[in-house]
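**Q** Residue-level listing of the chains:
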Amino acid sequence: MPAAKFKLSDRWALLKPYLAEHKVPILWGWTFVVVSTALDQVNPWMIKIILDSLGAGAGKAPVFGALGGILAATAVSAGLLFYQRLWVIRASRDIEYALRRDLFSALMAQPRAFFDRQNTGDLMSRATNDLDRIRDMVGPVVLHLARMGFLLIFTTICVAMLNPKLLLTGLLPALIMPVLANFFLIRMYTHFGRIQKNLSSLNGFVQDTLTGIQVVKGFGRADPFERKFAAASADLRDSSLKIARFNAAIWPAIGVLGVIGIVLSAWLGGRMVIQGEISLGTLSAAILYLLRLQFPLVGLGWVASMIQRGNVSVDRLLQLQSEFVVPVGLSPSLSTSSPTSSPTSSPTFSTLEAHGLAFTYNDFDKVLSDVSFTLKPGTSLGIVGPTGSGKTTLLHLLCGLYPPTAPDMLRLNGVSRESVSDEAWRSRFSYAPQDGFLFSTTIRENIEFGAANTLTQTAGLTLEKAAEWSGLSRDLPQFPNGYETLLGEKGINLSGGQRQRVGLARALLSPAPILCLDDTLSALDAETEEIVLTHLRGLFRERCLVVVAHRYSAVKHCDEIIYLQDGRVTERGSHEELIRLGGAYAAIWEKQRISESLEQA
Amino acid sequence: MVAEPYLHSDKTTSFLDRKLWMRILGLAREQKWLAIGALSLLVVAEILPLFQPRILRSMIDGPIHDKNLDGILHYLLAFGAVALVGGALEYVRSMLTQRLGLEVIHNLRLKLFGKLKGFHMDFFNRTPVGRLMTRLGNDVDSLNSMFTEGLVELSGALLVIAYAVIFMFVLDWKLALSSLIVLPGMLYATSVFRRKVRASNVRIRGLMAEMNARMQESLAGVNIVRIFGRAPDIEKRLDGANRETRDAWFENVRFYAYYFPTLNSLTEISLVLLYFTGAYLFYGHHTSLGTLVAFSWYTGMFFRPLREISDKVTALQSALAAGERVFTLYDTEASLPEGPRTQIPSPFEMRFDNVSFAYPGGPEVLHKVSFSIREGESVAVVGATGSGKSTLIALSCKFYLPTSGTVFVGGHPVEEYSEAALRGGMALIPQDVHLFSESVAFNVALTPDFDLHRVEEVCRHVRAHDFISKMPKGYLSPLRQRGENLSTGQRQLLALARALYQRPRLLLLDEATASVDTDTEGLIQSALGKVLKEVTTIVVAHRLSTIQNADRILVMHKGEIREEGTHHSLLAQGGIYAKLYQLQNFDGKA
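Protein chains in written order, with the numbering used here: chain A, 1 to 601; chain B, 602 to 1191.
In isolation and in its complexed conformation, chain A is listed as follows (with noise of 0.2 Å):
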């Protein structure tokens, strides 16, 4: 993927809501920053005033007065510490916390199509990692480089007011410095992409190959994987090392420019005071100011690596939304201050019909073509077809995952599927997909997942009701906390037939009027399936069933069962019709009808 390049401006008008957002507190906060970069100041002039009276054999009062001044500044200055930093990173925590939750928010106003092409380890880097540098960048990043430029400021103003020939010598050497910064900051921020890029393909690689480890093994080649591993680490450490050399250098640099400026500040001011045109109070001062001012300059150094990863993530995010399919903009401006649901009654039904239903992942190679057909309360539709004939992405298009190829290919009561809400749409759906995708939370939570759409449960399924029309009550007993067990890391691990009965239990519990059933029943026994069946026909007398099934007995009871091939409708009619008819649907019925007596025998 070409890292496109942004703007300056692109980068400002993503991060300003935010900023604007947090406006008050890091205003204040760097006011607090001059009021005490202002307070540091105090410290060389107190001593110079306590070396010049002890070098003048003064009395005791002007010494014991400048401690005093030292104490007094200390004090102050730390209160402004304090709110400065628990203000302006605490405004880069909000900041990261509302650019998350706009981004998830962004990412979850997508179609389907935008994630079929994103990989879910990269989004998550987006949200993890790029906000994070994010975050540093607005936040303890801005503060420093504040501190520094304000210390800058009032350190030349000091040394000016103590001799500004001294402040010539001292500060001549760090005119050198935004030349080098510039210089180095050019340099890192391409590496630090490339290092980007690199550690990128590094975890999709061990992702792919941990994935696919069963043909790694089975092929023996887990050698090469090996190898091929070893040369993406590789990049990864030298594209590292490359960058490593500006760390090494800058930091050393900085602090020799600024001793370069000490030693010539030393050499006249020494000179000076010799002559008798300064004290040595002046000098010292002189010498403790420009030394204070080392410190941050090497820190710009910092600075300037943590603005380039700052960038880097920034323009990754700006990169990703060029992606959006949807146009969501990541802005507090544009999305919901706190996300709601929305009230959607209970969605109404009356009619569904196909029209020459068409669809293409790629523009060139159909999935799907010219299929036709009307669904009413009460009725059932079943599809077949051998895998890969578009069964599973008929449900995906019924269910508004994808739009249709062209407009008004389906009509919800009547009104096209363009003129319908995406969300108004998929309310009519439930759906218990062939893989049981579940949450690692509650099994309870995961089947109330279906549910919370409206509160009022209009089939009067209750939890229990609809784990044991799923057949899943049955496994009740290997849960250890029952219904309350977790799953997934933190959890146990379900069994393919136990995921797809708790993802069946989440769909029946849904209230919506049409079901759709993906292969779901092919984990249940033909008896447990025809229990199924049995309820579920009770439940659909005014609601709708969609059933994809590869074992018959599935659909064998649908008011209407279609065979798909190669994205067509070949054959359709009822089970009778069907079997009368003699073909595709009618060889393949009597091979599963012997093929089950066999496995009864």
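Footprint (simulated), chain A over chain B, 3 or more residues, beta carbon under 8 Å: (1) 668-674; (2) 677-684; (3) 845-858; (4) 867-878.
No lab work stands behind these hints: they were computed from the structure. The C-beta atom is built at its ideal place from N, Cα and C for all residues, glycine as well.
Please arrange chain B on chain A, whose structure you already have, making use of the hints.
**A** Coordinates of chain B only, in the frame set by chain A:
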């Protein structure tokens, strides 16, 4: 009974875990010269700046005091020289340190990958990919900061402090004492701060893991969220975790906001104490102005690294925990025994001898299975779903070892072979074709050093050449793991080409054609027909059209071989196979 999950460790890491420390340090064994170089440069480089205040002091008390103009110059030259040498050493040290860290984690990544590749399938089937990714990614990276920020820079900071104390006491012990009097206060503040921050960090880590997990699965399950119209709730759920994390950080920020100004104030107070004492000493002619100036410089040198230590220790602590997790993976014993044999003897022969098998924690799925296959033979395994066919394949290529009985290859038990030798001589075509996000050629050859000529040859052989040559970059076109850029049938053909590429001694087909449409099946069948004549094959299939020509057919039923023979002998037997054959006739009619 449920089998124990892998990589499970509730152990909390202790900062004083000596064994863990030694292991982590041991990772740098191969880079020991880098480490020694970096540390010895550190010892020299960190002491140089300490001479600067001394030089300044001598200059103030010497030529400046004596009003000797010419005397200044060589003090300044010394001053500049110290800085230049110090800067150069610092540059080299930093390079060495960063290289050390990067080399160590590069090697560690390789070691871990090498370890992982030997793990058996049971491990991979029961360990989430995400967890392994974290071990190889974030955790290994944390160990990098252990070596750079942690060890070297922490040692640097400690060294500077030690040097500063020595230089101060050598110069004037009374002044040294009075400026260091605030030290106990600082240490106390630091220990309170560390305790609070540590607890807060633990909390934050937990919250962040939770938040990231929620985000990850919401993105992975975006379809389900969509269809059930639950995006707002999912967003709310994430918002809760996101908010909690932020609030935990707010608290953390407060600790830092208290800590640093406190340290600052104490540093300034030490300066006040220094000058208070200094003024009295000066009046009593016990000290010079130069000494006072030098001391103002030294206090800065002493207190600055002190503030950094806390952050470094935190980094070190999380690196230790990461190290613990990495070593847990490293210590996991999940490999099947590797044997010394690197060659499968010719002619090829494989024999199952009374093999029984149960998946870990599961019931027995194969019961005393015995059969054999010789060079050039093709054996078909048929049976209903769940009859144990796929398990038979898994045992054939040593994905698992039998719970009892033995699998012999070339007359020797499979345990005696190295994995690479055994599997390198076999090719498995599983039901679902996994494609890697690499080029077509890589996917066929499964190695980056593919022989393009051979790739094309096998692709032509299985008739995959046509569609591949139509792709924009031909054999070098990138494939996408999730992308829909290939049809099921095309994927199957690639899998077949992949199997042929390595000239397998034994080809294992696991229902490879179970899930394709009839057109593609025809295509694959004809490709397969050729292959079956050439290679020793075990083929598992529902469809009998594939296997009618097999030399022998095994009929599996409920984990046992119930019937064995040729197509004709089995038909004559009139048992399970005969029934299955009836089924195939219906296929023929379709």
